[in-house]
Every structure is written in structure tokens, then in C-alpha cells.
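Number of protein chains: 4
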Amino acid sequence: MIITMQLGATQEQIDAVVEAITVHGLQTLVMPGEDRTAIGIPSAIGSDLRSTLESVIGALEGVNKITQTSRPYKLASIEFHREKTIVEVKGVKIGESHFVVMGGPCSIESYEQFSQAANLVKEAGATVLRGGAFKPRTSPYAFQGLQEEGLKIMKQVGDETGLVTISEVMSGDMVPLVAKYVDILQIGARSMQNFPLLIEAGKSGKPVFLKRGPSATIDEFLLAAEYVLSQGNPNVILCERGVMPLDRSYTRNTLDLSIVPVLKEYTHLPVIIDPSHGTGVARYVAPMAKAAVVAGADGVMIEMHPNPKKALSDGSQALTPEQFVQLMQELLRLVKFVESTSS
Amino acid sequence: MIITMQLGATQEQIDAVVEAITVHGLQTLVMPGEDRTAIGIPSAIGSDLRSTLESVIGALEGVNKITQTSRPYKLASIEFHREKTIVEVKGVKIGESHFVVMGGPCSIESYEQFSQAANLVKEAGATVLRGGAFKPRTSPYAFQGLQEEGLKIMKQVGDETGLVTISEVMSGDMVPLVAKYVDILQIGARSMQNFPLLIEAGKSGKPVFLKRGPSATIDEFLLAAEYVLSQGNPNVILCERGVMPLDRSYTRNTLDLSIVPVLKEYTHLPVIIDPSHGTGVARYVAPMAKAAVVAGADGVMIEMHPNPKKALSDGSQALTPEQFVQLMQELLRLVKFVESTSS
Amino acid sequence: MIITMQLGATQEQIDAVVEAITVHGLQTLVMPGEDRTAIGIPSAIGSDLRSTLESVIGALEGVNKITQTSRPYKLASIEFHREKTIVEVKGVKIGESHFVVMGGPCSIESYEQFSQAANLVKEAGATVLRGGAFKPRTSPYAFQGLQEEGLKIMKQVGDETGLVTISEVMSGDMVPLVAKYVDILQIGARSMQNFPLLIEAGKSGKPVFLKRGPSATIDEFLLAAEYVLSQGNPNVILCERGVMPLDRSYTRNTLDLSIVPVLKEYTHLPVIIDPSHGTGVARYVAPMAKAAVVAGADGVMIEMHPNPKKALSDGSQALTPEQFVQLMQELLRLVKFVESTSS
Amino acid sequence: MIITMQLGATQEQIDAVVEAITVHGLQTLVMPGEDRTAIGIPSAIGSDLRSTLESVIGALEGVNKITQTSRPYKLASIEFHREKTIVEVKGVKIGESHFVVMGGPCSIESYEQFSQAANLVKEAGATVLRGGAFKPRTSPYAFQGLQEEGLKIMKQVGDETGLVTISEVMSGDMVPLVAKYVDILQIGARSMQNFPLLIEAGKSGKPVFLKRGPSATIDEFLLAAEYVLSQGNPNVILCERGVMPLDRSYTRNTLDLSIVPVLKEYTHLPVIIDPSHGTGVARYVAPMAKAAVVAGADGVMIEMHPNPKKALSDGSQALTPEQFVQLMQELLRLVKFVESTSS
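Protein chains in written order, with this note's numbering: chain H, 24 to 366; chain G, 24 to 366; chain U, 24 to 366; chain L, 24 to 366.
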């Protein structure tokens, strides 16, 4: 942690900062700069002390800025967990050279629709089946999902096909219900900082699929994962699904693919890309899914609907079955190529 | 709703869009443009049909873009509720020419700290007392609040001082607990699209103070309010607390003050500005609070701590008691000036 | 300057960083942290050395991040120029308690239109007359301005009314031409980092009105001012005109009013707010202009057109003469109130 | 063009809008909506009339919003130029299945440095040589490039190696000078809306390499290309180099790879990706360059320095010769794979 003082900070103000630090048994290094003084803390700062120090020092007179030199997450950091995490569910491995495709419709609409989708997903070679039962919708007037009935359909279809299932849970108190029916708990982008939900999902012991919030920094994203991990649940899967776009008129979000090499450097957790929400446009899904493979992602999540024109939600970003099958073939070929060249 | 077709869309594709609309008993107007055809729906579209149409038409071949010509919110719209909403709590009126100041510390830390803060708030002339008991913290290692114990302190101090109290609730299942102790339920920026929470807060009947999410558009903000209103709860107060900044190195967020005249034009709900989170820097709070008055806000929420240097959270943005008292005097003078000149 | 090493950086890598610094005669302080080592440079770093060091150290193995502890601008910094700058043109003072209103149409369209606008501006009590002769337009098909003919009209009208004139210059080679006719050279938001233009404007000796780029950080903004100042031209006026919005559907830009107290803390240069471009909507101009006064701005720039419905550009954000006169009265009253209370 | 009226707009206000349109010989379609009236213009609107109409109608009372249904660019649009543009320089083809790599240092620092870099670029199999002579630097104190001397070095090295050369030009008046020495004129991100420069570059007849501005929308980007094209110069190459990031702490920009399929749908111009500036971190360049290939880009621009640790600018994002050679091999293999599977 480095504290930069304001221009013209007095010696007393500098001393007060030093004292606020040394009172906790920490050392300081005072660096009188060209124009302003900086105060460094070379010793280790415990995670709990870190935010207290930020608050206390931030309120002292003469302090201009506090810069962290270490990252705020621990359990999510590759430095404390050198081995890459592989999440295993019903025999499917997610992470480190086990490329996975998660496919299925935005919403579970009926047994027929979902069963049809699941069979298409399975035949195409994907191993994880997605589908929403509880839908977070911007408008209260939009279709809110089939709720528990949808979960039951998912359970049945999952059992029938052997596919791993994943569905979103929107609040902490719903975790037991959703965990009863599905294999992986999805935490949506808008819930990334729903801390009670993160804690309950952590406690459930189920694998947690965590989507990055639309304006979340990487530190905020990994701290959200840290909430789950700190409950003793090591099975967290990270998902990039596009950040707030500067231009909403061609795509719905801006898919931040460079997060793949960044996360691979800083965390041991698997990284999945969702090009369906990431672009919001069905015809841009294939190029971005393939780019994700090459960038080093551990998998992709793709929306597919047996009949997008009848979809009750997000029809414009869902692939048709034919498009999905073709994309799967291209992805598998590409994965094989990448593996063959990297060895 | 206007549907713009892709370049070179065929007549069949145009016909398919028209049919997808007319099947719902709606009329269409086909406008062949210079380069691409647009299809307008002049008739009224119910709120529930709106999103279904978006999904279905979005999946049709040849469709480029769907543009909404009407706003997606209804109950929050000034057009369906011409009279400005005034939320009244314990005799304090919030909205339309009843400028209100909400003051207090970020967190409730102890009875002594909070009671001292409350007395300062009251003596300075403010009428609403804020304080966090359940704290949404980016890091699981940061101080999480005193929880129910904090609520009890708030209740006691509220009773002793007669101040209206406001505190954050982070999940739907906690609404009854928080509602038992506090006068106004605050929904934080990171919870703006926590839909189960919005619904429970709506059902509680308590006034709801809704903070804009850091990357929420105005439509998303008002649709979040719509979730509360649609539960039969008319007492929603909107709060701008800064949006995602393009430069994090001088302020924590970018306070979007122009939202005040925008919201005043589109909604009947009261609008409060939070310059403490909006800037994140104590010394910028006063100028922005005063600017909020002049821009037409119905009030401000200000963080004040009896001793910011000892604050367990957000010390760097809290005013000292002296600064708070001085700001209150300036605000009251300014409010009086504005009233005298606008009449 | 603080260099943070990557996780697991070796002693050799740390030594290489230290050597890259000490070779320039600078001292270092090595801080072994909990997880990663940080290296501080306590000695003064000349401005020219700063960016070389960034490039060189940034390329060394094991380096994670370089954090600057001092700001990169010097001449624009209040620390090296404690006295606030007051730019004086034709007897009009801009800066430090000399609130100024700059009014006029987006474009100079004809002598009649511009003369009429100037007289309205003058009668209303404003002292600076704006108008575009060379128009930077997003589309090559939009009205590009009257060019030199427009400048001649501006010169004539400026002489007739005694108003200070300001107009935009779009490239370095046009500086002499524009400087011949107008009192203040405006550098538009899209030209903020047109470095040859900044240098020529600096050399001209004319006062320079510099608009913040739509996605410029404050350091980038003040470094652009530094380009002008470093040519020996001390007369730079800063203007905030809105940054890239996260929601383009209600306002054209997001007016960042908190930049006023920030700039007042870090620079001695005058700060003007442009609520016309900042919102893009005529009916939001008045509240934001008044908010600018209270936030501490040194003036506002307001678009007014004798007949907005006939404007060749930006009609939707221009005030009518009646609206302009009323706003002027409100601003003057407010300025007087602010002065009376701050003394 | 669709004009949406304000809530409660009167019949007179609607009539005034209709009249403002019909006076230009255009037809209108009035659509009375559920809550607000929309007015469509089905007839073709010339590009010059478009912005005039926007200005005039935007100033009329009762108008809420103007939505364009057609895109504002023409010459850049694929619809008016169905054949993909291939830019050919010195036998090198850029565009449509002619994947190109542009490599070289950020700055030309000396004949030795640049010649060495050029030979590395050539041996690795790349065909275009980049290098800056005039450097746009955020700080006036940073290295500004060797200027004309640098151009002479580039010319000599280009002649010696036979590589196509590309270098940045920063202002319109410098176009003849730069055009004398280099094969392709680069217009930097910060100059994307330097309209006098765009016009001069257009007039020069030289191929123009146009970088997207850090906060430019796609319409703004293609309108900048339109400026060049409208001068009769068909040889425009588009380059994405990252947009304003929401998190500056891990990468310098956010590389928007989804722009590749978007641009491929809307324009006939070649699209190049610059992952060096797009990420700002050398170790993220390779994964993003490979992702660009798969996403459908026509080429990449890569910074490489014979000795990044001695680079006078941008050392942290430059590849070493070894890294560059390896990346070239991977790219060529990947291009071959993509070609083999797409046929």
C-alpha cells in the first residue's frame, strides 16, 4: 500500500499517516518526492486490516490518494493456488485443457421445447445444458420464467440425457431450491455483487458459475469469486459475458476477450466466454466463440433455441439448431487444432 | 415500435415481420426507405406484449434493429401520474419543494457513535438519519456491518431523536427484518437489479429509496422503480450516486447531475443526490451538494462521521461534524434563495 | 514512481529494475510486500525522464505495473503556480471570481443572423460571443461552416458590439488565419489531443479555450493544456463539455460537473462549463448552467440562436433569445448570491 | 428517420414537424402511439439534407427524439459497394482473404534500430513495416519522434527490404511530406476526427490506415472513413486498437474484437486489429492476435522492438524479436487452418 500525500502536506500530516500505520505493528517507508511525499508499507497487510486502513487513512488531512500494490483477492489468486482448478461435475471436467460447450435456450418454456433443445445439444457434442427457470428481467412486464416448474423440467431432462445442467439462482434464499434440481448454480451478471447470494451459493457446495457484472472491474470480479471461495467452496467458474458498450447500436455489449489471458495470469479458476449475451446478435456468436477458443478460454456458453422465432426471451441472440450444430463442428475442429499446435 | 430491416431484406422477410405483428391484432405501417425498409407499429402495445414481440421479431431473418418509440415504464412515468409524488414519513415530506437532507455515517458502529452522529444531524437541521447495518462490501474481508444489532441501535436512536431513519436491505428475505426497525428501506446501487429484493421491498409497503446502479441507463433505473411500484407501493424515492467513471484517479464515480432535470421531465418520483458516493472525496461533497439544489433535486444524502479518522468504512468521503454543520447552513440558505427566486 | 513486480519475480528481475533506475542517478527503495515486491523512486524525476523510464521499465521481465505518485503535468499544476490565472481579453477577465457568460449560435450563418445573436447576447449582459466558422462535423455531408467568410463576419460583429469573440480552429496551419479575426482560439473536444494544433495555438500568443475530449482523463486534459503552456502561452481556459455517456437516449453526453472542484484543487487555470453540448438538450441547459455557478465554475458557454428552428446545426440544444435572457438573469442573481454568501 | 414526439405534444406541434419535412418534398407517416406520436419519413433523404433536418426538427417544440433508421455513411457502406475492397500496395494485397501482418517498433529511433527491426519483420514473413516518425504523445515532455529524419530512414529501409511502409501523419499540412516517404498513411486514434487531416489524406491518393478513436462509435468510425472516401480515395483500411477501458489496471484499453464481424457486415473496407495498443501488455498480444484471425480480421498490426528494454516509447507492449517470430509462425499456421476449413 502506498499513500500519496497532497501537495504541500505538512510534516505533522505525514507523521499522522505514519502513526496510523505503525499503530497496527506495520512498518513504513517515507519517500519525499519531487512534489509530493509518498509513504509505503513494505510489510504484509492482512486482508481484514487492508480496508480498515483505507478508511482510516483516507480520512486523514493531507492525504491525496491510496494505491494498492497487491491485489485484494487471495483465494482466487494463482499465487496462493498454483495449480489450475478443474471443476468436475457428473464426469465433465471444466478448466485447464478440457474445453467445454454449454448450450441451450435462454428460458425453459416447456418440457417439449427443453427436451428438444437438450437432445440437439447432446447430439451436437456439447456436455452442459443451460436454461433459465427464474429469469432476471429488466422489465417487470417481461416473461419471468417457469420458476420451480422449469427447474423440474430441467432435472427430468438432465436425467434423461445425462447432460450436466446449469440454471440461474437470483437470491440467497432460493439457493436450496435451485441446488435441489440443477448441477451448477449460475449467478447472473446483475447479481455479481449480490453478496448474500454469493455466500449462500458458496455454502451450498455446488459448483458456482459466476458471470462478470456489466461494469465490474477485474478486482471486483475476483472479489466476488472470493466471497464464494471463502465459504469453503472451491468450485467457481468465471464467465465473461460482455461489458457496458460505448455503442449500443450494433451490439448489446462489448465482449472483453482480453480478459482471458488476464485471468489466466492472475487466477487459477476456469474461464468461460458467453458470446450470446456478449454480442446480443446471433450472427456474431460464431466468430466470437471461435475467437474465445484461440484466446485460451476453457469453454463457451451458447444460446440455442429449437425455434428462435418462438422464443419467449432473447430470440435475437439464439442460434437455430442448424447454426448450433455447425458451430459445434467448427469449435471441435478448432480445439483439436489448437491442442495439436500447442503441444 | 419500429423495426428496421437489413439491407436487401426480401419481400418475404418483410411479410414475415408484418405477420408476426398482425397476429397479435396490431396494425403495421411499412416504410420503404432509401436503403432499408422500416416497419412501424402505430397501435398501442401492452407492456407484456412488448418484450415478447422484441424476442420474436428479433429472431426473424432480415431484421436489423428494433427501436422503441415509447418508454418501457408506465407506473413510474409522469404521463400516467401527472401529480408529483410526495413521500411522507413521520411527518417529513420528500418530493416537490420539500428539500430534505439525509445525513449520517456510512456504518453504524456502536450506540455511542451513532447517537452522537444523530444528534449532530438533528442539531444541524437535517431530518433523515442514515446508517448502514448490513454493508455490501466489495471484499469479503472488509467490515460487514453490525447487522441486526445495528438495526436495533438505529431504532433506538431514531426513537430518541425523532429523526426518520433509513438503512440498506440487501436481499428479499431480509426485508421483514429491516422493515421492523427502520422507516425507509434503502436499495443500494449494486442491488438495483436484484429483482426479488425489489418485489419484496414493494410488498413491504415501506418507502423505498432506490439507488441507481453504476452503469444503469435511465430506462433500467425507472424499470427497477417499476418493479417496486407494480407491487402496489407508490412510495419510491430515486437516488443518483454516481455512475462508472472514465477516470478513477480523481473521483470514485462520475456524479451525473443532469439526471435531475431528465428525471423531473419523465417521472413523478422524488430525486435525491448522493454526492458522498458520487465523488468519494469529502472535499468535493459540498460543491456537488449545492449544485444538486440548484439543478432541482429534492434532497441530498450526505455521509458524516463524528470522527472520520476512526470510521470503519468510507472514511475518506465522510464529512466531519464541523463540515456537515457548515454545509447544512449553506444548503438551507441556498434552498431559501432558490425558493424566493422561483416563485 | 512505484514499480510493482509480478508474483514470483526473481531477485535478478528486481535487480534489473533497480539498475534501470539507478543508471539515471536516481535512488530506489525496495519494499518486499506480502506477495509481491514494490520498488519506489523517492528522488525527483524530471518530466522528460519520466516517460522514458516508463517505457524502459515496462519492458523488463517480472514487472507487473508502474504507478505514478506525482501528476505528469507541471506548468498546469497549481503547485508550481500558486496564484490563480486570470485571462484578460479586451477588458474582460476570465477566472477567479469573474464569472463570465459566453453566448451565441453554434454556427455563424450570415451577418444578419450573427449580428442579431450578438446584440441579444450583449443586451442580456454576456461579454463573450461564440460562433463557429470552421465546423468539425461527424459527417462529411453536414454543414461545414462559412469558413473565412464566417470569421470576417465575426470580426465585424465583434468590432460593432465590443464583445470578446471566440471561434474554433481545427488545425495548426489555420491558427494564423483564425487568430487574425478572433480574440480567443477555441480548440474543440475532438481536437484536444491534436498536438500540432496545441503547439501552434500556444505559439500564437492568443488566449486558448481548450475543451475536454469526450473520453479524456483529467491527466490527459491537463497535459493537453501543458502543450499550450509549454509554448510560453499562459492564457489557457479549460472547458468541460460532457464526457461519453453510458446512456445516449436522454442526453447527448454526461456533463461531469465534479470536474470543477477537482480542477480547482489541481490547477490554476480558469474552468468554464458548456451545458449546451454537455446535455445536448435545450431544456436541460438552464439547470446545469446554474449548477455550474454553484459548483464553482468561472463561467458558462451557452448556445443561443435567434431562431433555433432555422439553425443549420445543433438546433435542438440552442436556447431561444427569450430563454437566453431569462437564464442570464437567473445566472446573474445566482452569482451575486454566491458572492454575498462566500465572503 | 423517425421523430418521436414528447408526451402530450399538441396537434399543432405535430403539424409543425410534418410541415418542416414536407417543405423539402418528403413524405411523412404519422403514427399515433399508445402514449406518444411518432412521425416517420418513408422517402429517401439525401445525406446533406439529413443533418439539416435533424437540427431544424430538433429545435421544434414537442419533439422528444429523432431516430435514424438508415446508417449515415454511404461510400463506406457495403450496400453501395457490394464488392469487398482490396487495397494493393507494392504487390501486397490487404483485404478479403489476404491476411497481412504489419510489424515494427513504436518509434523509429535510428537507422540501425529500424533496419534491424525491418529485417526481423521480413524474415519472420510479415510484409508491412510500421514505425513512428511523428509521435502523438500525451505529454509534451515525452519523446516526440525523429520527425523528417525518421521518415528518411523509413524510406531507405523500405527500399532496402522491399517491405511496404506505414507511418503516422498528425495534421493535414504534413500529408505531402509524409506521403513523399511512406507507402501507407496512418491516421492515429486521437486523430480519427481530425477532419482537415482526413480530407488531405483523402486527396493524397495514398492508402489510408484509419485507427478507431478510443470512444468512437461505429457510425463515427465509418463517417471518418467516409471523409477520406469522399475525396475520391477508395483505399481506406480500418483498424481497431482498443476502446476506453472500464478497468485501466490490467490492460490499457479494451480490444473490441466483435467489431470484426460487425464491420464485415456493414462495410466493404479491410479490417485490421492492433492487439499491441489494444491491450498495452506484450504478454497479451499473442492470444489476441490469434483471436483476431479467427474472428475474421484481414490482418494484425504488431509492435516489435529489437530490444524493448531500450525502447524510447511503449516498451511494455512491444514483443521481442523471438516472441515476434514465434507469433508469426503461429499466425501463419492458424491462417492456413482457417482457410482450409472455410473452403
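Possibly wrong hints are sitting among the right ones.
Since the list gives no way to pick one copy over another, a pair counts as held whenever it fits inside one copy or between any two copies.
[Claimed, not checked] With a Cα cut of at most 20 Å, we get these calculated DMTMM-like pairs of lysine to aspartate or glutamate:
hint : residue 1 : residue 2
1    : Lys88     : Glu146
2    : Lys332    : Glu362
3    : Lys359    : Glu172
4    : Lys88     : Asp242
5    : Lys359    : Asp196
6    : Lys88     : Asp38
7    : Lys332    : Glu84
8    : Lys333    : Asp38
9    : Lys145    : Glu77
10   : Lys116    : Glu35
11   : Lys332    : Glu353
12   : Lys88     : Glu288
13   : Lys88     : Glu106
14   : Lys333    : Glu35
15   : Lys88     : Asp270
16   : Lys145    : Glu353
17   : Lys332    : Glu35
18   : Lys226    : Asp196
19   : Lys333    : Asp206
20   : Lys359    : Asp242
21   : Lys116    : Glu345
22   : Lys175    : Glu135
23   : Lys333    : Glu183
24   : Lys113    : Glu183
25   : Lys333    : Asp71
Derived from the structure by calculation, the hints contain no laboratory data.
Outcome of the hint check:
Proximity of lysine 88 and glutamate 146 under a CA criterion of 20 Å is satisfied in neither setting, with 56 Å inside one chain copy and 32 Å between copies. Taking the closest pair of Cα atoms, lysine 332 and glutamate 362 never come within 20 Å of each other, the shortest separation being 37 Å inside a single copy and 32 Å across copies. In the homo-oligomer, the alpha carbons of lysine 359 and glutamate 172 never lie at most 20 Å apart, since the shortest distance is 39 Å inside one protomer and 49 Å across protomers. Taking identical chains as interchangeable, the C-alpha atoms of lysine 88 and aspartate 242 lie at most 20 Å apart whether they share a chain (18 Å) or sit on different chains (15 Å).
Within a single copy, lysine 359 and aspartate 196 get their C-alpha atoms no closer than 42 Å, and across copies no closer than 47 Å, so neither meets the 20 Å cut-off. When the C-alpha separation of lysine 88 and aspartate 38 is checked against a cutoff of 20 Å, the pair qualifies only within one copy, where the shortest distance is 16 Å, while the shortest distance between copies is 28 Å. Taking the shortest Cα distances, lysine 332 and glutamate 84 sit within 20 Å of each other only across copies (9 Å), while inside one copy they are farther apart (61 Å). Only between protomers do lysine 333 and aspartate 38 lie at most 20 Å apart by alpha-carbon distance; the minimum there is 17 Å, versus 68 Å within a single protomer.
Proximity of lysine 145 and glutamate 77 under a CA criterion of 20 Å is satisfied in neither setting, with 51 Å inside one chain copy and 29 Å between copies. With identical chains, the CA atoms of lysine 116 and glutamate 35 are never at most 20 Å apart, being 58 Å at best within one copy and 38 Å at best between copies. In this assembly of identical chains, the alpha carbons of lysine 332 and glutamate 353 never lie at most 20 Å apart, being 24 Å within a copy and 40 Å across copies at closest. For the identical chains of this complex, lysine 88 and glutamate 288 are inter-copy neighbours only, at 14 Å across copies versus 27 Å inside a copy, given an alpha-carbon limit of 20 Å.
In this assembly of identical chains, the alpha carbons of lysine 88 and glutamate 106 never lie at most 20 Å apart, being 35 Å within a copy and 24 Å across copies at closest. In this assembly of identical chains, lysine 333 and glutamate 35 lie within 20 Å of each other by CA distance solely across copies; the values are 18 Å between and 70 Å within a copy. Taking the shortest Cα distances, lysine 88 and aspartate 270 sit within 20 Å of each other only across copies (14 Å), while inside one copy they are farther apart (32 Å). Taking CA atoms no more than 20 Å apart as the test, lysine 145 paired with glutamate 353 passes inside one copy only; the shortest distance there is 16 Å, against 32 Å between copies.
Taking the shortest alpha-carbon separations for lysine 332 and glutamate 35, only the inter-copy value of 15 Å comes in at or below 20 Å, while the best intra-copy value is 70 Å. With identical chains, the CA atoms of lysine 226 and aspartate 196 are at most 20 Å apart both within one copy (12 Å) and between copies (17 Å). Taking identical chains as interchangeable, the C-alpha atoms of lysine 333 and aspartate 206 are never at most 20 Å apart, the minima being 27 Å within one chain and 45 Å between chains. With identical chains, the CA atoms of lysine 359 and aspartate 242 are never at most 20 Å apart, being 33 Å at best within one copy and 38 Å at best between copies.
In this homomeric assembly, lysine 116 and glutamate 345 never come within 20 Å of each other (Cα to Cα): the closest approach is 26 Å inside a single copy and 34 Å across copies. Taking the shortest alpha-carbon separations for lysine 175 and glutamate 135, only the intra-copy value of 13 Å comes in at or below 20 Å, while the best inter-copy value is 52 Å. Neither within a single protomer nor between protomers do lysine 333 and glutamate 183 lie at most 20 Å apart by alpha-carbon distance, with minima of 24 Å and 59 Å respectively. Only within a single protomer do lysine 113 and glutamate 183 lie at most 20 Å apart by alpha-carbon distance; the minimum there is 14 Å, versus 58 Å between protomers.
Taking identical chains as interchangeable, the C-alpha atoms of lysine 333 and aspartate 71 lie at most 20 Å apart only when they sit on different chains, with a minimum of 15 Å there against 51 Å within one chain.
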